[in-house]
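Enquirer: So the chains spell out like this:
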Amino acid sequence: MTKPKSTHFDTLTLHAGARPDPATGARATPIYQSTSFVFRDSDHAAALFNMERAGHVYSRISNPTCAVLEERISALEGGVGAIAVASGQAALHLAIVTLMGAGSHIVASRSLYGGSHNLLDFTLPRFGIETTFVDPRNLDGWRRAIRPNTRLLFGETLGNPGLEVLDVPRVASLAHEHGLPLLVDSTFTTPSLMRPFEHGADLVYHSATKFLSGHGVVIGGLLVDSGKFDWNEPNKSAGKFPTLTEPYAGFHGMVFAEESTTAAFLLRARREGIRDFGACMAPMTAFQVLQGIETLPLRMQRHVENTRKVVAFLASHRFVESVGYPELPTHPDQALAARLLPDGCGAVFSFAIRGTREQGRRFIESLRIFSHLANVGDAKSLVIHPASTTHFRVATEDLKAAGITEGTIRLSVGLEHADDLIEDLSRALHAAERS
Amino acid sequence: MRFEVTGHTAYAYTGSRAFDSSQSTIAFVHGAANDHSVWALQSRYFAHHGRNVLAVDLPGHGKSEGAPLSSVASIADWLIDALDALRIETAALVGHSLGSLAVLDAASRYPQRVDRIALLGPSVPMPVSEALLDAAKRDDHAAFEMINGWSFSPADQLGGNRQPGVWMTGNSMRLMERSRPAALYTDLAACNSYADGLNAAGKVRCPALLLIGQRDQMTLPKNARALVAALTDKRVVTIPDCGHSLMAEAPDQVLDALREFLFAAH
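Respectively, the protein sequence lines represent chains A and B.
Read in order, the letters of the first sequence are residues 1 to 435 in our numbering.
Read in order, the letters of the second sequence are residues 436 to 701 in our numbering.
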């Protein structure tokens, strides 16, 4: 017998988790727009409720369309499973509340999406969970911030908006030294550009709203479990994660780490987090994210090609003060990016013009193809001014620490012809310079 | 549940239920480089339907201490030792792959201790390819890749899990990756060297259920024919389009067959 061949990534983007519908033969994944699913008999009903049989009961807990998406993202990330949720924010929240409660502590990169920063810095402390923010490039800073009650290390594969490249192997290694998991927000890179589990991360989540769905039409999140972390490792993680290693009164005394050696985290997240907090994904949303993922490798390749051309144009423009893209020699993470992100550093980056805040406004308002809005990862090109929008709640000092100035402009480069994008930027820069 | 067997701490999943000496017992035995969790759905069902369940981690696997056992006969002996340790006189034994051989061997040599056996993905003999044995001996990850490639039907390689949100091949791979060094090789070598299967089958006096995956490439269905012929009181269920990972690929069909067989005993 010869060694069986594994299925390629591009094929998995089209097929993983799906098969022709057994009832109708439909080739596309059907949208199972149903709240609930009929039991065969009373014993079947009880067995489904008590995790003695596999299947769907109620679409808040699981749904067949969402399940296809969950398998697909798991296959693409190299994980054991996933949960589809209402948004990227819901995914982050679900990860945290599955692992810890009041009195716990998180160490997080300070270069985060503004929404994530809000949750960690302002909202979770009200529920007894504190976060220490650290420079993602400073490993000693990560180490010094870990406390006895720390339960999670968290960062983004590419920081927002400075594109600090998270050194996933080293931060993961540090986390594991302390018996802690590393959670990574992989929204900007998608599994097409980086698979964080291969570098040591334990949990990954996505705002599927962005590149995975890819067309700016849905809000969704995906939380993926690598299945690698040992939640009960003696002298390391043992005792730190009672939600997974001790009997849970909310499910007949189930000990999730005994129920599943590899997917205890997912079990608890589904059987408690989705059940009780309820931030599930709608099946129509799952369908649209699946449609997006079918073309993910093609789109990410084009996103990166366009971005490289736009970056090259801006980097040589006289009215541009700086461009922050990790492939540039001026970016402090160039070498790390070459190692972890050889296929590109995504399509979202920031640059600063040599001008006033007013000239920045003029630039954005002069653009015709780039849309001024609060999103990234659309097929269409987007632009925003972080200091006055996504990060407006962040203090000026923290903004500076995150690499954001009054003149910082963030682009999300889409799939249009690169020449048209460069023409649009050129015209707007000219208009701003003259104003 | 943790308990002592021959000087080592052993673990068995009980479906979150306390042991009840008034109930009959079903022991579930996993295959190579696996652990109790492969039986999660099926074992939990019986634990909540009037049976004591012992989904064991074999020595050197999962949460059980000790070294992996090097022969099918020694695994069978350990199973009986485990029953002794818990003062269980008789039990139904359910085994998958390597576990099916251990269950068969136990039933043949300890007929008074075993009242029924269910063999999932069995074959007698159970030869292991040289390439797989060599890779396992080197603790080469390629061994896990070979097993994963051969253990799921072609359709199930691409998912479509009945268990929502779980990527079957990824989960299977991660479970094997968690196994201890040399565990896989020891297990596979035990399968490969078990030469007494047909003789053992001829001595089995209790009822036997054989569950066979129609698309099993690890233990080919045709390699179970001699075993079927050698057993006296047997029932064979072939699950269509299913590979070697029956409990994951066809959890309901496996449970339904086990229910019919195991509940018929009482």
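Incorrect hints may appear among the rest.
What the hints assert, rightly or not - A partial selection of chain B residues facing chain A, derived with a Cβ cut-off under 7 Å:
1) M436
2) R437
3) G442
4) T444
5) T449
6) F454
7) D455
8) A475
9) H483
10) G485
11) R597
12) Q598
13) R609
14) L610
15) A661
16) V663
No wet-lab data here; the hints were simulated from the structure.
Heads up, the beta-carbon is just placed ideally off N, CA and C, and yes, glycines get one too.
Enquirer: Are the hints correct? Go through all of them and say.
Expert: Tested hints:
1. Proximity of B:M436 to chain A is violated relative to the hint, the smallest CB-CB distance being about 9 Å (cut-off 7 Å).
2. Taken as an interface hint, B:R437 does not check out: its beta carbon lies about 11 Å from the nearest beta carbon of chain A, beyond 7 Å.
3. With a least beta-carbon distance of about 20 Å to chain A, the hint placing B:G442 at the interface is violated under the 7 Å criterion.
4. The beta carbon of B:T444 comes no nearer than 13 Å to any beta carbon in chain A, farther than 7 Å, and the hint placing it at the interface is violated.
5. Using the Cβ-Cβ criterion of 7 Å, the hint placing B:T449 at the interface with chain A is not satisfied: the shortest such distance is roughly 9 Å.
6. Given the 7 Å rule on beta carbons, the hint for B:F454 is violated: about 14 Å separates it from the nearest Cβ of chain A.
7. Here the hint on B:D455 is broken, as its CB sits about 15 Å from the closest CB of chain A, past 7 Å.
8. Taking 7 Å as the C-beta contact cut-off toward chain A, the hint placing B:A475 at the interface holds, the least distance being around 6 Å.
9. With its C-beta approaching chain A no nearer than about 6 Å, B:H483 sits inside the 7 Å limit, and its interface hint holds.
10. Hint status for B:G485: violated, given a least beta-carbon distance of 12 Å to chain A, over 7 Å.
11. Interface restraint check for B:R597: the shortest CB-CB distance to chain A comes to about 4 Å, inside 7 Å, so the restraint holds.
12. The criterion of a C-beta within 7 Å of any C-beta in chain A is met by B:Q598, whose closest approach is roughly 4 Å, and the hint holds.
13. Interface restraint check for B:R609: the shortest CB-CB distance to chain A comes to about 4 Å, inside 7 Å, so the restraint holds.
14. A hinted interface residue such as B:L610 counts as satisfied when its beta carbon comes closer than 7 Å to some beta carbon of chain A; here the least separation is about 5 Å, so the hint holds.
15. Against a cut-off of 7 Å between C-beta atoms, the interface hint on B:A661 is violated, since the closest Cβ of chain A lies about 21 Å away.
16. A least Cβ separation of about 24 Å between B:V663 and chain A goes past the 7 Å threshold, and the interface hint is therefore violated.
Hints 1, 2, 3, 4, 5, 6, 7, 10, 15, 16 from the list above are not met by this structure, while the remaining hints are.
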